[in-house]
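J.: Each chain, written out:
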Amino acid sequence: MTEIASFAIEYRRFLDPDGQAVQPLPAFAQDPADLIPLYRAMVLTRSFDAKAVALQRTGRLGTFASSLGQEAVMAGTGAAMRPEDVLLPSFREQGAQFLRGAAMTDLLLYWGGDERGSDFAGPREDFPICVPVGTHAAHAAGVALAFQLRGEARAAVCVLGDGATSKGEVYEAMNLAGVWRLPVVFVVNNNQWAISVPRERQTAAQTLAQKAIAAGFGGVQVDGNDVIAVRDAVERALEQARSGGGPTLVEAVTYRLSDHTTVDDASRYRDDAEVSARWKDEPILRLRRHLTDAGAWSKEDEERLIAECGEEVEAAAEAYLATPVQPVESMFDWLYAELPGDLAEQRAGLVAEAGLAGGENDG
Amino acid sequence: MAEIALVEAVQLALARAMEEDETVLVLGEDVGVNGGVFRATDGLLARFGDKRVFDTPLAEALLAGISVGLGAQGFRPVTEFQFMGFFYPAIDQVANHAGRLRNRTRGRLTCPIVLRAPFGGGIHAPEHHSESFEAMFAHIPGIRVVIPSSPARAYGLLLAAIRDPDPVVFLEPKRVYRAPKEEVADDGTAAPLDCCFTLREGNDITLVTWGAMVQETLAAAETLSGQGVEAEVIDVATLKPLDMATILTSVEHTGRCVIIHEAPLSGGFGGEIAARLADRGLVSLTAPVKRVAGFDTVMPLPRLEEHYMPSARRILAAVREILEYA
Ligand SMILES: Cc1ncc(C[n+]2csc(CCOP(=O)(O)OP(=O)(O)O)c2C)c(N)n1
Ligand SMILES: [Mg+2]
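Protein sequence lines, in the order shown, are assigned to chains D and L.
Position in the first sequence (from 1) plus 72 gives the number in my numbering.
Position in the second sequence (from 1) plus 97 gives the number in my numbering.
Hints are computed from structural coordinates only; laboratory data are not their basis.
Hints may contain errors.
[Stated by the list, open to error] Taking CB as the label site, the calculated pair distances span:
(1) D/Q95 - L/G171: 28 to 34 angstroms
(2) D/L415 - L/R417: 35 to 41 angstroms
(3) D/E410 - L/Q324: 43 to 49 angstroms
(4) L/Y185 - D/L415: 23 to 29 angstroms
(5) D/S268 - L/G171: 39 to 45 angstroms
(6) L/R400 - D/G317: 50 to 56 angstroms
(7) D/G413 - L/E119: 29 to 35 angstroms
This structure is a prediction, so every number in the text was calculated from the model and none was measured.
Ideal Cβ placement from N, Cα and C applies to all residues, glycine included.
Could you build all of it, start to finish, from the sequences and the hints given here?
T.: Encoded structure:
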């Protein structure tokens, strides 16, 4: 017998759950002060998520997907990207979107049921969130092909879940990226759950990272609660992609501490004990320990940051709540570059109806 | 000017569009070296190179999905699906993404893509190679559905589809891919994407159709003319958006309408046209609206295929029935 293929999957971690370095830190993490923006990004995301859940609970926001416990995946990915790269998020990557410059008000507007929330300022070429699981992997390949054709040193970053890796389309996209060496990075947020289906019921593969091997490129597993490891891995993958070295899959191993969304009740399918046990691994605490041990973070710093983030989120929520509803006819106005005559009639009917109803929807 | 076939007109329009706009790309299975299984992309790789023409891996959802990504980045991919029967996995991308991207980002990202597929029966093709499910696409908001039925219209409509800033599903009736031929001026003139073509004028009955059924319908109209019945024949060509005005105007002076399509009857697009006639044209009608369509069966394999396909004979029978109403 001749062995014609073999592989190994690397697992990378820089900080252990106590915040202690387990190996020399990458350059960007040498000076603890440089890690404060990452820390801030995670705290801001947690603060935003808490507010969004509260808004939903009080009937002021639609269904929302919190990223509780996965803030390091979002912050690490967002921080690794350059402005000119393009992010294709799934639906709980708000933390990465904020670092890219998307406004909290806009994302609240989206989850509040207003399309204008996806017309965010900032990263204008970034995709809106993707609800049909995994379907955006192919878009990422298309975006990456556009960069490659124009000879631009840019890359696409597709963030998807552990559940999404079971979708055929995700493999189709990875396969193409491998063949054409597309400048794309697939970041898998392995939060152990796809609603109620645990990771081990999703695939018999030992890792999700190894799915890249079949597609002919490298996959790496990182501790997804170690923001340094996530940023480092995504940064390296992006450098490789931008310089023509092709795609990478980064599997960030983390844990979904929240319900799947605000309409989910995770106690139906997992033990509270499992969740409590995972709290000791959570990413914010880990980086805080590291910063505190290095003398770069104090109780006062923490209090100030929490207050600051709280204010920022409050202001965004107020701006969202104060945004008037769109005119009803806007449901027609962005369907096509120019509204076909066929639809003009339906639009006119709606406008007339809204007028009769007293125009209570007027933006 | 030489006479060319529909498939050659597609090729001509693709070459013209690629010549005039370097963001136009051609993607699909076997579209490069092989020039497509029907040769619709023949010669494009040699002429425009491998940065414009791409043989992709075999994955239909991917084909539509990368087109969405390229479209959002300002490219104009014209993507071939080898046969309509293999388009199903990509409908997800059309309905969930292509047709929605402009709307859901309020115009920030758009999707100027064309998804081409040969469709329909009548060429004794293997299983899964003869379906017509244009009505499924016509149900999807935010896209256009275009079906040429002659070489000249294929040329003009494809150019228009490629230049259009929104996603277009472009379905090519493969039964008339090679014949009949006609003269096509390669002058870059696009056809309108929102109006029917009246192919024959007449005052006695309106025959509404599209795709390969245009030929059968014209043949039936010819026979009727010999019998003293003048049929107006309308090629819908753009199912979505639908130009109902042309159909209504015709029915105003004929008072009668038969709709012919090859796709199964129930839920077929003929039902939409009939419903709109009932809504807006009832006062003009002197007889019921009749549909001649494929059966609600699985498309039979080639030995029974001709019994499935609506024929001139079936069209004539329907017309006679409708003409019997006073
Ligand atoms: C194609 C598709 N199937 C089902 C759903 C419903 N759904 C939404 S999220 C989800 C689980 C996704 O799990 P995973 O990919 O691990 O991402 P996570 O939610 O854990 O971030 C499901 C089944 C969907 N949105 N899209
Ligand atoms: Mg998951």
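J.: With reference to the structure, classify each hint as holding or not holding.
T.: The hints, checked one at a time:
A C-beta distance of roughly 43 angstroms is found between D/Q95 and L/G171, which places it outside the suggested range of 28 to 34 angstroms. The hinted range of 35 to 41 angstroms is satisfied by D/L415 and L/R417, whose Cβ atoms lie roughly 37 angstroms apart. The hint said 43 to 49 angstroms for the Cβ distance between D/E410 and L/Q324, and at roughly 44 angstroms that hint holds. For the hinted restraint 23 to 29 angstroms between L/Y185 and D/L415, the CB-CB distance of approximately 26 angstroms keeps it satisfied.
A hinted range of 39 to 45 angstroms for the beta carbons of D/S268 and L/G171 is consistent with their spacing of about 41 angstroms. Range check, L/R400 to D/G317: about 54 angstroms between beta-carbon atoms, so the 50 to 56 angstroms window is met. Judged by the Cβ atoms, the range 29 to 35 angstroms given for D/G413 and L/E119 holds: they are separated by roughly 32 angstroms.
Violated hint: 1 only; the structure is consistent with all others.
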